[in-house]
Amino acid sequence: MQSNGIKRKALAAAFPHTLPILTGFGFLGVAYGIHMSVSGFPFWYPMLMAMTIYGGSLEFVCVSMLLSSFAPLATFLMALLIQARHLFYGIAMLDKYRDLGWKRFYLIFGLVDESFSINCSAEVPMGVDRGWFYFFVTLLNQCYWVCAATIGGLLGSLITFDTMGLDFVMTAMFVVIFLEQWLKEKQHLSSLIGVIASVLCLMVFGKDSFLVPAMAVILCMLTLCRKPIEKAGDTL
Amino acid sequence: MTLAQQFITIGLCALATMLTRFVPFLLFSGKRTPRFIQYLGQALPGAIFGMLVVYCLKSVNPLVYSHGLPEGLAILVTICLHLWKRQMLLSIAGGTVCYMLLIQLVF
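In order, the protein sequence lines correspond to chains B and D. Start counting the first sequence at 1; every next residue gets the next number (this note's numbering). Start counting the second sequence at 1; every next residue gets the next number (this note's numbering).
Don't take every hint at face value.
Said to hold, decoys possible - No more than 20 Å apart at the CA atoms, straight line, and that leaves these computed lysine to aspartate or glutamate pairs for EDC-like:
| id | chain 1 | residue 1 | chain 2 | residue 2 |
| --- | --- | --- | --- | --- |
| 1 | B | 7 | B | 123 |
| 2 | D | 58 | B | 167 |
| 3 | B | 9 | B | 123 |
| 4 | B | 207 | B | 167 |
| 5 | B | 186 | B | 230 |
| 6 | D | 85 | B | 180 |
| 7 | D | 58 | B | 208 |
| 8 | B | 7 | B | 99 |
| 9 | B | 103 | B | 129 |
To be verified - Partial pick of chain D residues on the chain B-facing surface, computed with a CB cut under 10 Å:
| id | residue |
| --- | --- |
| 10 | 23 |
| 11 | 39 |
| 12 | 65 |
The set of hints was computed from the structure by calculation and includes no laboratory data. Positions of the beta carbon are idealized from the N, C-alpha and C atoms, including for glycine.
Generate coordinates for the entire structure from the input sequences, incorporating the hints supplied.
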């Protein structure tokens with residue numbers, strides 16, 4: 001009973017923190033599920049991907065990957081680079097997630113942008129178990145995402161209006177994320193490198209094979225331009 | 001793609017994701033993070049999201065009809081909406097609806 005009390009208290013403390021995520025994941029998850037559904041995949045595809053990959057940007061990109069020809073190397077490298085930012089969430093959470101026993105493994109598994117931002121910044125209230133608080137934040141967020149993606153996958157087949165162009169939701173999402181990034185950074189060199197290197201590689205290698213060269217060029221350019229970027233920017 | 005290839009694709013995405021989440025806990029516990037890794041953490045996101053925008057537009061050919069106009073206009077609407085209200089969901093929904101109307105009714 002004691003243990004149930006601790007869990008209930010932690011859940012009650014965690015839930016309000018996740019409410020903004022409920023809206024965001026609700027919208028994006030449903031959009032993602034519908035996107036998969038109108039691309040010809042049954043609802044359990046978005047459901048399964050939401051449970052296993054659990055990373056919004058990559059799941060959207062994965063739809064395009066599934067629709068083009070099989071390219072395991074490009075898929076794996078692309079996934080690594082899209083998700084590379086999680087490395088830094090991990091580094092930031094090293095201390096907070098230490099000594100939390102088995103919960104640690106689920107917390108690390110579910111370390112998406114949203115769970116990271118809550119668990120990194122929220123003050124765990126007095127008398128609430130830290131481990132269970134983090135656990136419920138992570139679990140609630142993943143539940144929102146999986147449910148929304150599944151609902152979207154089911155809704156997709158019920159849609160009667162013309163869905164042509166709905167796939168632009170992915171473009172719009174990345175435009176907004178890129179714009180947010182642009183507005184908050186003090187130097188734009190790295191963002192420009194990303195866009196220009198990709199456009200050049202697209203022109204040289206064509207749309208089916210430009211990704212791997214583009215990623216290689218981006219990594220090289222970022223390495224070469226480290227001095228000016230660090231000097232100009234808010235870097236460290 | 002065969003069913004097996006689809007599952008391998010999804011599996012690779014999941015594996016790469018888990019690598020990026022678990023590696024710091026395996027490698028950097030108790031040690032200082034290498035400076036170069038810290039630098040990449042700052043510089044990579046802008047570049048990667050720039051790349052993803054280009055990736056989304058990879059099938060647009062400016063030389064043939066409709067010359068990328070619907071995409072360009074919808075992106076412009078998305079950006080303006082976002083600069084105006086700074087509401088992520090509104091900007092995404094507005095830009096998408098705009099694009100759907102453009103390609104279904106205009107182009």
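Hint-by-hint comparison with the structure:
Between the alpha carbons of residue 7/B and residue 123/B the distance comes to roughly 17 Å, so the proposed pair stays at or under 20 Å and holds. A threshold of 20 Å between alpha carbons decides the hint, and for residue 58/D with residue 167/B the separation of about 13 Å falls inside it, so the pair holds. For the suggested pair residue 9/B and residue 123/B, the alpha carbons sit about 15 Å apart, so the restraint of at most 20 Å is met. Between residue 207/B and residue 167/B the alpha-carbon distance is near 17 Å, which keeps this suggested pair within the 20 Å criterion.
Distance hint between residue 186/B and residue 230/B is fulfilled; the C-alpha atoms sit about 10 Å from each other, no more than 20 Å. At most 20 Å may separate the alpha-carbon atoms for a hinted pair to count; residue 85/D and residue 180/B meet this at roughly 12 Å. Between residue 58/D and residue 208/B, the direct Cα distance comes to roughly 9 Å. Compliance with the 20 Å bound is thereby established for this hinted pair. For the suggested pair residue 7/B and residue 99/B, the alpha carbons sit about 18 Å apart, so the restraint of at most 20 Å is met.
At roughly 12 Å between alpha-carbon atoms, residue 103/B and residue 129/B fall within 20 Å of each other, so this suggested pair holds. Contact between residue 23/D and chain B, as hinted, is supported at the beta carbon level, the nearest pair being about 6 Å apart and thus within 10 Å. Taken as an interface hint, residue 39/D checks out: its beta carbon lies about 6 Å from the nearest beta carbon of chain B, inside 10 Å. A least Cβ separation of about 16 Å between residue 65/D and chain B goes past the 10 Å threshold, and the interface hint is therefore violated.
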